[in-house]
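There are 4 protein chains.
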Amino acid sequence: MHVILDLCVVPLGVGVSISKYIARCEKEIKACGLEPHLHAYGTTIEGEWDKVLGAVKRCHEVLHEDGVPRISTTIKLGTRTDRHQTAADKVRSVEQELEA
Amino acid sequence: MHVILDLCVVPLGVGVSISKYIARCEKEIKACGLEPHLHAYGTTIEGEWDKVLGAVKRCHEVLHEDGVPRISTTIKLGTRTDRHQTAADKVRSVEQELEA
Amino acid sequence: MHVILDLCVVPLGVGVSISKYIARCEKEIKACGLEPHLHAYGTTIEGEWDKVLGAVKRCHEVLHEDGVPRISTTIKLGTRTDRHQTAADKVRSVEQELEA
Amino acid sequence: MHVILDLCVVPLGVGVSISKYIARCEKEIKACGLEPHLHAYGTTIEGEWDKVLGAVKRCHEVLHEDGVPRISTTIKLGTRTDRHQTAADKVRSVEQELEA
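If you're matching them up, the sequences are chains C, P, B and V in order.
Counting from 4, one number per residue, gives the positions in the first sequence under the numbering used here.
Counting from 4, one number per residue, gives the positions in the second sequence under the numbering used here.
Counting from 4, one number per residue, gives the positions in the third sequence under the numbering used here.
Counting from 4, one number per residue, gives the positions in the fourth sequence under the numbering used here.
Next up, chain C with everything else stripped away, as it sits in the complex:
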């Protein structure tokens, strides 16, 4: 089951500046063999369900190992069986509508 997932990890108890923790997650997602696409309010990942959700778990594990006491994460994720669609396809579909 292919999944497109938007991940937003918010570490608590480490002050207001959280970019180094987000960078830590980006590295871990790559270490899981996935290609994160960073945007201003999260990161898009896509692939097989177990691999993608496994990467999300690893993000929580490595941040806790790095001393983050609490993490609050928001995820949006989509699956479909009617056709195969990538994250890039989704953006392209909207852009084509805008050009039409």
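Careful: at least some of the hints might be erroneous.
Copies of the same chain are indistinguishable here, so a pair counts whether it falls within one copy or spans any two.
[Stated by the list, open to error] Using 30 Å as the maximum straight-line C-alpha spacing, the simulated DSS-like pairs for lysine-lysine come out as follows: (1) Lys60 with Lys23; (2) Lys33 with Lys23; (3) Lys54 with Lys33; (4) Lys60 with Lys33; (5) Lys30 with Lys60; (6) Lys30 with Lys54.
Keep in mind the hints are simulated off the structure, nothing from the lab.
Once you have looked at the hints, place chains P, B and V on chain C.
What follows is chains P, B and V alone, placed relative to chain C:
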């Protein structure tokens, strides 16, 4: 790793009435050995990470098996290492603050 | 436009314990003339769009006034024109499906 | 109060293909004088709270006017008082951490 998770599954391509699909997910979460707590905009589940996230995967699988062509899901989830906290503890903490 | 909204406010830079800030939001939502329904991962509010979203804005304002330097909030919200539906109706619909 | 907001609008009751509705929202956000940044699972908008949240309301209004009977939207939004930060600043902070 204990996780408290808020699950909101939105099936697409099946019309505006989605309560029967939410009910299907409630049953599947119970079949996974977890106790869902339904509220007006989602369901709270808690337990070991793999069991809880496994139940989320099962929800997608059973809805697709039931003919739902596309699913868009929103998840909020939290883990912490400073202390053990249940979903009921979280509500109680806020209620105690309100009474204080 | 009637809206059902799930609000999850996460204050950053104030440590790991955030229940007093959630309680502060509950009070502010009531002060706005709305009835919040607290659950383990957020609060449900419903009513006219401007009133409900106005309450969300007030939550951010009062937390910043109370010294919270940064807030990350997740919202789910729904509107529909096919029929009037309350937050209680949504839960009841799923429960009826479960009983059927 | 400056806000950075991630908007994900999901129209229900209009089938599985929703890109034209997302494109409609992009146009409406621009018509509100804001610059949407589309990504694979939403759109980032930033600016003054009332203007940004006003654009979100307009998205719901125009989709309902276009015949969408039900909309389920997920929003992530952040405000901070410790310093001014744009959406581009957020991405840059993480990229700098990754290069370090």
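The hints, checked one at a time:
Proximity of Lys60 to Lys23 under the C-alpha cut-off of 30 Å is found in both arrangements, the shortest distances being 18 Å within a copy and 29 Å between copies. Within a single copy, Lys33 and Lys23 get their C-alpha atoms as close as 16 Å, which meets the 30 Å cut-off; across copies the closest is 33 Å, which misses it. Taking the shortest alpha-carbon separations for Lys54 and Lys33, both the intra-copy value of 11 Å and the inter-copy value of 25 Å come in at or below 30 Å. Taking the shortest Cα distances, Lys60 and Lys33 sit within 30 Å of each other both inside one copy (13 Å) and across copies (22 Å).
For the homomeric pair Lys30 and Lys60, the shortest alpha-carbon distances inside one copy (14 Å) and between copies (25 Å) are both at most 30 Å. Taking the shortest alpha-carbon separations for Lys30 and Lys54, both the intra-copy value of 15 Å and the inter-copy value of 26 Å come in at or below 30 Å.
Of the numbered hints stated above, none is contradicted by the structure.
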